[in-house]
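With the hints as constraints, model all of the structure from the sequences given.
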Amino acid sequence: MISLRGVSLVYPNGVRALDGIDLEIGKGDFVFLVGHSGTGKSTLLRLLYREMAPTTGEITVDGIRVECLRRSRVPILRRHIGVVFQDFKLLTDKTVWENVAFALQVTGAHTRDVIRQVPRVLDLVGLSHKSRMYPGELSGGEQQRAAIARALVNNPKILLCDEPTGNLDPSNTTEIMELLLRINLKGTTIMVATHNQAVVDRMRRRVVRLDNGRIVTDEERGYYFLGLGQSQILSG
Amino acid sequence: MQATAIGTVTVTIVLLGAFLYARAVLVHFGAGVLNQIEISAFLQDGTSPARTEAMRAALAHDPRVLSVQYVPKKEGLQELRRRLKGEIDTSILTENPLPNMFRVRVRTPELVPAVAAEIRKMPGVQYVNYGQDVVGKLLQLVAVARRVGIAVITLFILVAGIIISNTIRLTVFARRREIAIMQLVGATNAYIRMPFICEGLLDGLLGASLAVAALEVGRASLVPRLVAALPFVAANVVNVNLGTLVPQLLLVGAAVGLIASWISVGRFLRT
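Just so you know, the protein sequences line up as chains A and B, in that order. Once you know that position 50 of the first sequence is 50 in my numbering, the rest is easy, because the numbers rise by one and skip nothing. Once you know that position 103 of the second sequence is 1103 in my numbering, the rest is easy, because the numbers rise by one and skip nothing.
Think of the hints as simulated: they come from the structure by calculation, not from any bench. Some clues are possibly wrong.
Claimed, not checked - Sample of chain B residues at the chain A side, in silico, Cβ under 8 Å: (1) E1178; (2) I1181; (3) M1182; (4) V1185.
To be verified - From the derived model, a few chain B residues whose C-beta atoms are all more than 10 Å from chain A: (5) G1032; (6) P1063; (7) D1133; (8) N1166.
Stated by the list, open to error - Here are the simulated distance ranges between beta carbons: (9) A1003(B) <-> D211(A): 52 to 58 Å; (10) R1147(B) <-> N13(A): 27 to 33 Å; (11) Q1002(B) <-> G38(A): 41 to 47 Å; (12) P119(A) <-> V1159(B): 49 to 55 Å; (13) A109(A) <-> A1143(B): 57 to 63 Å; (14) T1154(B) <-> G38(A): 50 to 56 Å; (15) H110(A) <-> A1003(B): 36 to 42 Å.
C-beta atoms are modelled at their ideal positions from N, C-alpha and C, and glycine is treated no differently.
In structure tokens form, the structure reads like this:
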């Protein structure tokens, strides 16, 4: 579903943001991207939805060669990918319903489809009863669920989450992660860049660890800290 | 800010319209004067009737020539007497001082100098007159007015374009979050651009409409007074055809708005 081969990104000032990344992510995978701040997690996600282009290397997302995509084709790629951010990026002057519908409308979708799809995703994220409310009237967890609904309304095969629980308290964090898990079970490939140790350690999913723009470890059922998991298991 | 943009377009189009109108009047007026120009070719005394007839035939066959009229000296004197009647006592003339002459009219004013020069070279022609000074100056005046006007209008259209473009850029900037989200969820640039282009187009059209209205009011109230003050312009001003001017002005306004907004949104979408 997602494939990176020898991907590097060097900024004009010479800083290497990513260095020789090789990564394969299969259909329906759930992958955590962990590492210190500034280590290239967000940058890696941005390359996937073509917010940035790599200096060298090949990126394939759902069969689309991303790095050589013409500008006019980028919207097509983005309709295959849902993206969720730490700060939700909701439009504050639109209701939850309107925020979700907006994502469909701007792709030129039929009103018929909007009326069918929006309730479906709002139901999926459990916000049907608050669809007429504005983001300012919702809790952080609810806002993030609205953002996830918006990311999913186009039926993307891939959901990219950049610190989705960064602004949330532990109980909201749990809710959001459970929601992501449910979405994953429906077959959506999910990548989550996170700093949240508790989340990663509890879920025991594939963990790709970045350091200084390189992948240092890639474990099938990993922990947030390298080696810590094993010691916990041994001591437990 | 939007009012500024519309206002600038209005001022620009008013100036453009006034200029085009004035030019139309001037061209009309000038054409009226220039079309009345005739070349008077005075013949040497003693030119044979055969030679005179040959000249007439040659001129009549020239495709540039509209009409040739032979005026014998006797007729010329009668005409002069008629024209000067009551001003000068022409009975003091004891002999006819006028030569025989041709009155030649050509098809367009621009042909006058060339045709006149050729006539002068014909044997038997003593002197050619077509109001050289007046014609030359009039032609020059029209050319200068045209050039200066075009420069001023170009400048104003440019200023209007820049102001509209800045207005749109501010709107784009105010909605940058929305635009970023649109791009994120896969809206095409054309889709994102559309409302801003429409806004620019509307600003331009609105400005141009106001300008057309202002021009119409100005023409209705100013021109009659102008005509009253300067009697000789009357017929020309009334005859100017304004049918194509209004759509032209609206088109210019719309084009300025369209192009300016296209450029300013395009710049934003590339980053």
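Hints and how they fare:
no.: 1; hint: E1178; in the structure: holds (6 Å)
no.: 2; hint: I1181; in the structure: holds (6 Å)
no.: 3; hint: M1182; in the structure: holds (5 Å)
no.: 4; hint: V1185; in the structure: holds (4 Å)
no.: 5; hint: G1032; in the structure: holds (57 Å)
no.: 6; hint: P1063; in the structure: holds (58 Å)
no.: 7; hint: D1133; in the structure: holds (64 Å)
no.: 8; hint: N1166; in the structure: holds (24 Å)
no.: 9; hint: A1003(B) <-> D211(A): 52 to 58 Å; in the structure: holds (56 Å)
no.: 10; hint: R1147(B) <-> N13(A): 27 to 33 Å; in the structure: violated (51 Å)
no.: 11; hint: Q1002(B) <-> G38(A): 41 to 47 Å; in the structure: holds (42 Å)
no.: 12; hint: P119(A) <-> V1159(B): 49 to 55 Å; in the structure: holds (51 Å)
no.: 13; hint: A109(A) <-> A1143(B): 57 to 63 Å; in the structure: holds (59 Å)
no.: 14; hint: T1154(B) <-> G38(A): 50 to 56 Å; in the structure: holds (51 Å)
no.: 15; hint: H110(A) <-> A1003(B): 36 to 42 Å; in the structure: holds (38 Å)
Going down the numbered hints, you'll see the structure goes against just number 10.
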